[in-house]
Amino acid sequence: MAGLLGSVFNLMAHPKKRSEVKVDKLEWLNEKTANILFAIAEAVLGENFLLKAPKFIETVDDYLHYQRRAQREQFLNALLLTETATFNLLVGGKLRGFSHMTINERRTILEKLRGSDREIRRNLYAAFVNVSASTYYTSDLTWPDINYAGVSVDHPEILGNPPPIPWRPDDPRPVEPNAQ
Amino acid sequence: MSGFVKWLPDAVAQGATVYTDTKVDKLVWSGDRISEVQARFLDGKTRPTLRKLIVRPAKGVLLAVGAIGTPGVLLRSGLDVKKRVGKYTHIHPVTICIGKYPEPTFPAYGVPDNMWSPKFGDGNTGYLVETGSFFPVLNASATLQHGDALHKIMLDYYPSGAIMYAHHMTGFEQNEEYGRVELDKYGEPELDYKLARSNVKAMQESLEVMSKIHFAAGATSVLHLRNPPLEVTPTSGLDEIRKIDFAKPQSATIFTVHVMGGCQMNKDQERACVNNDFKLRGMRNLWVVDASIFPTGLGANPQVTIYALALWAAREICELHGKPFALNHQNGGVWPWPGY
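Just so you know, the sequences run in chain order A and B. For the first sequence, position 173 matches number 173 in our numbering, and the numbering has no gaps at all. For the second sequence, position 134 matches number 134 in our numbering, and the numbering has no gaps at all.
Honestly, the hints are just simulated from the structure, not real lab data. Each residue gets a CB set at the ideal place from its N, CA and C atoms; glycine is no exception. Honestly, I wouldn't trust all of these hints.
[As the list claims (entries may be wrong)] What follows is a list of derived Cβ distance ranges for each label pair:
#1 Leu141/A to Ser117/B: 55 to 61 Å
#2 Pro162/A to Arg47/B: 49 to 55 Å
#3 Tyr63/A to Arg40/B: 46 to 52 Å
#4 Gly15/B to Trp143/A: 43 to 49 Å
#5 Arg271/B to Tyr63/A: 46 to 52 Å
#6 Leu53/B to Val8/A: 27 to 33 Å
#7 Gly3/B to Val151/A: 34 to 40 Å
#8 Tyr66/A to Asp113/B: 35 to 41 Å
#9 Arg40/B to Leu141/A: 50 to 56 Å
#10 Ser117/B to Leu11/A: 15 to 21 Å
#11 Ala85/A to Arg47/B: 34 to 40 Å
#12 Ala85/A to Tyr307/B: 53 to 59 Å
#13 Ala58/B to Arg68/A: 22 to 28 Å
#14 Lys82/B to Val151/A: 37 to 43 Å
[To be verified] A few chain A residues that face chain B, going by a derived Cβ cut-off under 8 Å, partial list only:
#15 Asn48
#16 Leu50
#17 Tyr63
#18 Gln67
#19 Thr108
#20 Leu110
#21 Lys112
#22 Arg118
#23 Leu141
#24 Pro144
#25 Val151
#26 Pro162
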């Protein structure tokens, strides 16, 4: 069923090509799905997100290696479905492909998916924002924006401080029954 | 204590051969005996290759593929014990919230060092409250938000945030189905899990409890991974937590850890797949030794319990074959954790 649906969605999806999307080294994403993923990520993360996560498309392609085959097919079909004009007409009243909309229009579609009564649409929203956000914030170029210095740096401001005050100083019981 | 550091080196020292990057396709059986294990080698990205591995057991097969993998192998092999394999699979549904503090908390600094409390762990739907380190990607992968609001949450709750989570007990409600492992169209195991209503209530409660703990520790606000995200302060929003309907998918992010059950050892004969000697029912040379034999969820991390069951199974198998069973420390060695 997923194979047939995927073929139908593939025929119906005609995403806008973006010059930033390079597909020559991708294994699971193709030109269509990579451009749709770009459009979704741009809606979730904002314009120029590739400046801080230049390997975004390649990283998601690599994630797909480790998915179950059926899950991988579902994700790729979800990308194609989101691009179809019929889907966007039903969800957001726009008879256009997702990637051909402005960012604000795409975010309106995302809001409709998020608030939908239909479980499958909420699943689409969760998949798109989680994949986009987690892939983006694995890139170390994004870390200074949130004041994250990485896991292997010294923090003299911690090491130079006196130890914290005892926990529950007025409590006669030890914190751990066996702690001595 | 890691299998790669302790258990596998010990097994190799005793003469075991370890085949890495392999995947068991199925067990070939006849009557009550396994005659062959059929496996394939995988490439560096876990894709099956054409190279096959066939193992013909001299004494038996011990299956330890985990609570999803073990039912998968059994179902692919046609060893579904009275249609029970894969049924009553349990997870610990985990609720999470992040407190925002007035000072930097360095939530990813140093060795992960968790602290937990069993205060709320009693009863069929109790939960363990725990704090630990967290990294930006955890927050990013769980926040149901997009656009500028997403980046604001990441900035607000990362450098001065502290995570708290609760893992919830499951498996004691007799009328609940919980999880079910089945094979997908490609023969891969797939877990479908249904939250019990009693867990939903406890999950709402745990978020409220954890919020209050955050506030008592000085947090100025607490982020809940609801859809849309819910920010609670000491004076507002707590009553919204009880309205989160976790049973409605994507109403909030729920984490899962510790998959258990699906091939139960159970005194309830209507649910048991494995006998008390760890043998799969109806088979004489197939043992199952992993978390899939748990009859319920534990309410806590299962690793040590799995180790204990493995020791029990090892003793059973040694006795069956007339071999002496002795732990390393009984021969003068150190076991298992010095001073434990």
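Right, here's what the structure says about each hint:
Between Leu141/A and Ser117/B the beta carbons are some 38 Å apart, a value that contradicts the proposed interval 55 to 61 Å. Between Pro162/A and Arg47/B the beta carbon distance is about 54 Å. The supplied range of 49 to 55 Å therefore holds. Separated by about 23 Å at the C-beta atoms, Tyr63/A and Arg40/B break the suggested range of 46 to 52 Å. About 48 Å separates the C-beta atoms of Gly15/B and Trp143/A, a value consistent with the hinted range of 43 to 49 Å.
Against the hinted window of 46 to 52 Å, the Cβ-Cβ separation of Arg271/B and Tyr63/A comes to about 36 Å, which falls outside the hint. Separated by about 40 Å at the C-beta atoms, Leu53/B and Val8/A break the suggested range of 27 to 33 Å. The given range of 34 to 40 Å is broken by Gly3/B and Val151/A, whose C-beta atoms sit roughly 24 Å from each other. Judged by the Cβ atoms, the range 35 to 41 Å given for Tyr66/A and Asp113/B is violated: they are separated by roughly 29 Å.
Distance hint for Arg40/B and Leu141/A: a CB-CB separation of about 39 Å, inconsistent with the stated range 50 to 56 Å. Separated by about 56 Å at the C-beta atoms, Ser117/B and Leu11/A break the suggested range of 15 to 21 Å. Look at Ala85/A against Arg47/B: about 35 Å separates their beta carbons, and that is inside 34 to 40 Å. Look at Ala85/A against Tyr307/B: about 56 Å separates their beta carbons, and that is inside 53 to 59 Å.
In this structure the hint that Ala58/B and Arg68/A lie 22 to 28 Å apart at CB is violated, the actual value being about 34 Å. The given range of 37 to 43 Å is broken by Lys82/B and Val151/A, whose C-beta atoms sit roughly 49 Å from each other. Given hint, Asn48/A at the interface with chain B, is violated; its Cβ is 13 Å from that chain's nearest Cβ, farther than 8 Å. At a threshold of 8 Å, the smallest CB-CB gap from Leu50/A to chain B is about 15 Å, leaving the interface hint violated.
Taking 8 Å as the C-beta cut-off, the interface hint given for Tyr63/A is violated, the closest approach to chain B being about 11 Å. The restraint placing Gln67/A at the interface with chain B is violated, with a minimum CB-CB distance near 10 Å, outside the 8 Å limit. Taken as an interface hint, Thr108/A does not check out: its beta carbon lies about 11 Å from the nearest beta carbon of chain B, beyond 8 Å. Interface restraint check for Leu110/A: the shortest CB-CB distance to chain B comes to about 6 Å, inside 8 Å, so the restraint holds.
For Lys112/A, the suggested interface contact is broken, since its CB lies about 12 Å from the closest CB of chain B, more than 8 Å. With its C-beta approaching chain B no nearer than about 10 Å, Arg118/A sits outside the 8 Å limit, and its interface hint is violated. For Leu141/A, the interface hint is violated, since its Cβ never comes within 8 Å of a Cβ in chain B; the closest pair sits about 12 Å apart. Below 8 Å, beta-carbon pairs count as interface contacts, and Pro144/A has none with chain B, the closest being about 11 Å; its hint is therefore violated.
Taken as an interface hint, Val151/A checks out: its beta carbon lies about 5 Å from the nearest beta carbon of chain B, inside 8 Å. Annotation: interface hint on Pro162/A violated; nearest CB of chain B at approximately 15 Å, more than 8 Å.
Figure legend: structure checked against the earlier numbered hints; hints not met, in rising order: 1, 3, 5, 6, 7, 8, 9, 10, 13, 14, 15, 16, 17, 18, 19, 21, 22, 23, 24, 26.
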